[in-house]
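Participant: So you can see what is in the structure, the chains are spelled out below.
There are 2 protein chains.
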Amino acid sequence: MPSRIRTSLAICRARVSLPPLVRQLRALPQSRWQSTATTEETEGISKGSPGSSKTIKFTSETYPEIKRNSKFAELTPGHVTFFKELLGKDSAVIDGVTKDATEDIEPFNGDWMRKYRGHTKLVLKPGSTEEVSRVLNYCNDNMLAVVPQGGNSGLVGGSVPVFDEIVINMSRMNQIRSFDDVSGALVVDAGCILEVTDNFLAEKGYIFPLDLGAKGSCHIGGNVATNAGGLRLLRYGSLHGSVLGIEAVLPDGTIVDDLSKLRKNNTGYDLKQLFIGGEGTIGIITGVSVICPQRSKAINVAFFGLESYEKVQEAFKEAKGQLSEILSAFELMDGQSQSLVHTVTKNKRPLEGEHPFYCLIETSGSNSEHDTEKLEKFLEHVMENEIVTDGVVAQDETQVRALWGWREGVPECLGHWGGVYKYDLSIPINELYALVEETKEKIKQSGLMGDTDEHPVVGVVGYGHMGDSNLHLNIAVRRYDKRVEKLLEPFVYEWIAKRNGSISAEHGLGLAKKNYIGYSRSDTMIKLMKQIKQLYDPKGIMNPYKYI
Amino acid sequence: MPSRIRTSLAICRARVSLPPLVRQLRALPQSRWQSTATTEETEGISKGSPGSSKTIKFTSETYPEIKRNSKFAELTPGHVTFFKELLGKDSAVIDGVTKDATEDIEPFNGDWMRKYRGHTKLVLKPGSTEEVSRVLNYCNDNMLAVVPQGGNSGLVGGSVPVFDEIVINMSRMNQIRSFDDVSGALVVDAGCILEVTDNFLAEKGYIFPLDLGAKGSCHIGGNVATNAGGLRLLRYGSLHGSVLGIEAVLPDGTIVDDLSKLRKNNTGYDLKQLFIGGEGTIGIITGVSVICPQRSKAINVAFFGLESYEKVQEAFKEAKGQLSEILSAFELMDGQSQSLVHTVTKNKRPLEGEHPFYCLIETSGSNSEHDTEKLEKFLEHVMENEIVTDGVVAQDETQVRALWGWREGVPECLGHWGGVYKYDLSIPINELYALVEETKEKIKQSGLMGDTDEHPVVGVVGYGHMGDSNLHLNIAVRRYDKRVEKLLEPFVYEWIAKRNGSISAEHGLGLAKKNYIGYSRSDTMIKLMKQIKQLYDPKGIMNPYKYI
Numbered sequence: 001m002p003s004r005i006r007t008s009l010a011i012c013r014a015r016v017s018l019p020p021l022v023r024q025l026r027a028l029p030q031s032r033w034q035s036t037a038t039t040e041e042t043e044g045i046s047k048g049s050p051g052s053s054k055t056i057k058f059t060s061e062t063y064p065e066i067k068r069n070s071k072f073a074e075l076t077p078g079h080v081t082f083f084k085e086l087l088g089k090d091s092a093v094i095d096g097v098t099k100d101a102t103e104d105i106e107p108f109n110g111d112w113m114r115k116y117r118g119h120t121k122l123v124l125k126p127g128s129t130e131e132v133s134r135v136l137n138y139c140n141d142n143m144l145a146v147v148p149q150g151g152n153s154g155l156v157g158g159s160v161p162v163f164d165e166i167v168i169n170m171s172r173m174n175q176i177r178s179f180d181d182v183s184g185a186l187v188v189d190a191g192c193i194l195e196v197t198d199n200f201l202a203e204k205g206y207i208f209p210l211d212l213g214a215k216g217s218c219h220i221g222g223n224v225a226t227n228a229g230g231l232r233l234l235r236y237g238s239l240h241g242s243v244l245g246i247e248a249v250l251p252d253g254t255i256v257d258d259l260s261k262l263r264k265n266n267t268g269y270d271l272k273q274l275f276i277g278g279e280g281t282i283g284i285i286t287g288v289s290v291i292c293p294q295r296s297k298a299i300n301v302a303f304f305g306l307e308s309y310e311k312v313q314e315a316f317k318e319a320k321g322q323l324s325e326i327l328s329a330f331e332l333m334d335g336q337s338q339s340l341v342h343t344v345t346k347n348k349r350p351l352e353g354e355h356p357f358y359c360l361i362e363t364s365g366s367n368s369e370h371d372t373e374k375l376e377k378f379l380e381h382v383m384e385n386e387i388v389t390d391g392v393v394a395q396d397e398t399q400v401r402a403l404w405g406w407r408e409g410v411p412e413c414l415g416h417w418g419g420v421y422k423y424d425l426s427i428p429i430n431e432l433y434a435l436v437e438e439t440k441e442k443i444k445q446s447g448l449m450g451d452t453d454e455h456p457v458v459g460v461v462g463y464g465h466m467g468d469s470n471l472h473l474n475i476a477v478r479r480y481d482k483r484v485e486k487l488l489e490p491f492v493y494e495w496i497a498k499r500n501g502s503i504s505a506e507h508g509l510g511l512a513k514k515n516y517i518g519y520s521r522s523d524t525m526i527k528l529m530k531q532i533k534q535l536y537d538p539k540g541i542m543n544p545y546k547y548i
Numbered sequence: 001m002p003s004r005i006r007t008s009l010a011i012c013r014a015r016v017s018l019p020p021l022v023r024q025l026r027a028l029p030q031s032r033w034q035s036t037a038t039t040e041e042t043e044g045i046s047k048g049s050p051g052s053s054k055t056i057k058f059t060s061e062t063y064p065e066i067k068r069n070s071k072f073a074e075l076t077p078g079h080v081t082f083f084k085e086l087l088g089k090d091s092a093v094i095d096g097v098t099k100d101a102t103e104d105i106e107p108f109n110g111d112w113m114r115k116y117r118g119h120t121k122l123v124l125k126p127g128s129t130e131e132v133s134r135v136l137n138y139c140n141d142n143m144l145a146v147v148p149q150g151g152n153s154g155l156v157g158g159s160v161p162v163f164d165e166i167v168i169n170m171s172r173m174n175q176i177r178s179f180d181d182v183s184g185a186l187v188v189d190a191g192c193i194l195e196v197t198d199n200f201l202a203e204k205g206y207i208f209p210l211d212l213g214a215k216g217s218c219h220i221g222g223n224v225a226t227n228a229g230g231l232r233l234l235r236y237g238s239l240h241g242s243v244l245g246i247e248a249v250l251p252d253g254t255i256v257d258d259l260s261k262l263r264k265n266n267t268g269y270d271l272k273q274l275f276i277g278g279e280g281t282i283g284i285i286t287g288v289s290v291i292c293p294q295r296s297k298a299i300n301v302a303f304f305g306l307e308s309y310e311k312v313q314e315a316f317k318e319a320k321g322q323l324s325e326i327l328s329a330f331e332l333m334d335g336q337s338q339s340l341v342h343t344v345t346k347n348k349r350p351l352e353g354e355h356p357f358y359c360l361i362e363t364s365g366s367n368s369e370h371d372t373e374k375l376e377k378f379l380e381h382v383m384e385n386e387i388v389t390d391g392v393v394a395q396d397e398t399q400v401r402a403l404w405g406w407r408e409g410v411p412e413c414l415g416h417w418g419g420v421y422k423y424d425l426s427i428p429i430n431e432l433y434a435l436v437e438e439t440k441e442k443i444k445q446s447g448l449m450g451d452t453d454e455h456p457v458v459g460v461v462g463y464g465h466m467g468d469s470n471l472h473l474n475i476a477v478r479r480y481d482k483r484v485e486k487l488l489e490p491f492v493y494e495w496i497a498k499r500n501g502s503i504s505a506e507h508g509l510g511l512a513k514k515n516y517i518g519y520s521r522s523d524t525m526i527k528l529m530k531q532i533k534q535l536y537d538p539k540g541i542m543n544p545y546k547y548i
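In order, the protein sequence lines correspond to chains A and B.
Heads up: the first sequence begins at 1 in my numbering, then just goes up one per residue.
Heads up: the second sequence begins at 1 in my numbering, then just goes up one per residue.
Everything labelled a hint here was simulated from the structure, so no lab data went into it.
Each residue gets a CB set at the ideal place from its N, CA and C atoms; glycine is no exception.
Accuracy of the hints is not assured; some may be wrong.
The calculated lysine to any residue pairs, modelled on SDA-like cross-linking and capped at a C-alpha distance of 25 angstroms, are [to be verified]:
no., chain 1, residue 1, chain 2, residue 2
1, A, K204, B, M383
2, B, K297, A, R295
3, A, K514, B, T254
4, A, K84, A, D100
5, B, K377, A, I299
6, B, K530, B, K486
So the derived list for chain A, only partly shown, Cβ under 10 angstroms to chain B, looks like this [what the hints assert, rightly or not]:
no., residue
7, V243
8, D270
9, I291
10, H370
11, H507
Between the sequences and the hints, there should be enough to build the whole structure, so can you do that?
Facilitator: As structure tokens, this is what we get:
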């Protein structure tokens, strides 16, 4: 039925040439001190649109069971004097110890989601690896707890203090150190902003092998420390494969000089891997070397409706087979997620009618003609074989962004009614959507979901990175309700544990998931992880109260 | 000059339809007990063709400075009884302690290169992870040193004992545990043979993301333990990215149950990475989970002549840009390497005349027509711009193998004159070939190189995986000569150290490189590595005398 697709393409031309939805959605109010970027997903409960900083509850109040560890020293003017002398520059130290600096310090105490807020009185911004080393060595000697901080765009409270931990902010270390335009090996300071770095690479015809919503503010050091996943993992793989080298500082000041630019180096244990996803608990990453792929010249985006999750799996398999080396994203959105986006944005849908499932496919390749031909052949196949019910293909950059808007708009739109319970999960692909169905059924049976105000739950939706088996289960609510929470937990975590899934696919543990690691890791693994923490940070000064 | 290429293609048709060279080259005599596969490269000195096992010198004689550590217990009949009871099956224990079993044990004592030979009297073949756990726990308690052994196709003496270490051979653990044909996640026992596994995947339309010459005998557990690089790294990345999970046993018998099938799992330190490239020094890998890509339907191979290393770099950059997502190999061979192959095989060369450099390019994609078009466009570009001087493209599977033969034949042919000094190095790509030139100049000036028998050196050649900055520097010699050795070492290692290269790109450390790690790693890194070894193997029973 090639004619069917042509019709859809024609419809697409008429329908999706709207002002780019994604930009509309991103124009949410943000307070002065927040990170200017949005991030792709949100975590935990977000209640309505962000208000002023005054509304953020202190983490110590939200979690009264977490107590400040009395082994850590309290900051004194003497400590501050040391740091000021060490770092030289006035702007490198924000001192709330010897004076009131609440307003200047607040942005470093709170996370951009307004969920976590610490009590730090000191922010340090070292300008070199040597300075980081001397800072950490001093803190270690003086039992001063620290929190490494990059762009502060994380989703699990990992980059802000809980109590009075010193914030070591890496924003001053923001130089691109070197780029080899034959091998693609890039070496950067940890504080380089992802988007700035990617723009630099774009000029050379290269691309950073990671992309995510927060790219305008997140630091590459932070990306590596949290093993960020994002939108390109399907194509370029995980940072464990693309990071060639790391320079990091251990709590005692030791500089781990593992900043290799080599693609192959089999000379001993690959220790840098422990820092990838280590969330700043064993050291601070100061430099990163990464292998960057060539930037694709041709980008195509298609958007489909499908009648069942079985068909979604079939479409994914076909896409992998037929689009193979050019497939760069395969995103899943269920029908309800798209209905809710539609309700909030009032934008015209890309497809006629409603479908139980939607997928967004992106291809990136070196030859536009070839890619289009492959994509059209794929479309014909999946439509002729009734794997997909309807589909459109973006005709230009504006339509590409508009279609992505129906995927990227989901997390923001879900917050429209008041709050969202959010889970970022890895699940074996064949069972991935079953969790959404079971959760929906459970909540439906409880009578807590409905169209009227007495029902706390608006809807249960599932979407995410199908290509990586990464589901975002979201429950949109009118208000926070203990009964809903009781239905969800430990149900969701137990469901994941039974299927050997992950309770945190890409967001990490931070503070938010610290207590749930047991659902995804055995006691043995947790014990072995604690051994590593003990080995590198025996005094426990690095990012305490978090991770494992 | 498109016509020029057409001419070359025509020449190719006439010229390379020979009996597949690679098969000829692989038909070298092999003794009964050796691994039946060849491996791609050889390491250290190989003197002529392999003779009988009697000619292998004991490692303890070759390296008299290595002494047996007296802290290890000597094997007793009591130990053997324990293992026989534990493993049950007669075939699971080869007992040279209570009886003479020299002939049966010899294949496990010697490496396939005939360079290393140990004195073990006991080979254990556990059949399950639980058995590996009980074996190791017993050895740890009784201070019995062990050597984990996979397909025994390594190149640095890592998988054979030096003294009387017990060999724990993994060949009985050879089951494919599961395969998910939607996600591509494969779970196998460590003892699965790479080629067998890849054949299994081929039937499903998938491919193992690693390929190397020894695939007919090497184990996947061994590949992971040595972080094997091989031929597909350029396309599919390193095992640090594609291995999803590992099951391993620590010396004390602890089972590390990290066999995730998930593409994303950010729940704690990624400990499995320490086993990737850990060379069996902190535990034994018993199971591996790996993400497998779709198998490409179309394979093309082209072979070029180029006039300088600058042109090679240009060609590589163009290939990355134009062939981008379909480029699966970019191999470099210098003029002398091809002359020596020609001298030994007498095969007709694929190109007219001689060229200072040759490159082999392979593309793998999902659409044969598209790939051919891309390749032809690339060829036209590089010929029109005089980046390459001449080139041919294989027209069928036979020609593909024939062209690969000119690359894969290099290591075997170099041994023709008696011996080869071999180095497997990572070097920043712009300086990669300079080492060959400097080495050649140095040897030339010494008067040790020439066409007649009084000159020990036949030639100095460079070839390797250009796409991974991985150079194989080879010095073909008529005989082993101390004067040559003195010219080469520490010269080569110092040269590498000055450029932050790696003294072992893909072969690992094993016994061969143990003492040279300092040329590629700082004292800090070595100290941190020793810490890890101490943490996991405090008694030091795992693969002693090797690695760091």
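Participant: Which of the listed hints are not met by the structure?
Facilitator: Hint 6 is the one this structure does not satisfy, whereas the remaining hints hold.
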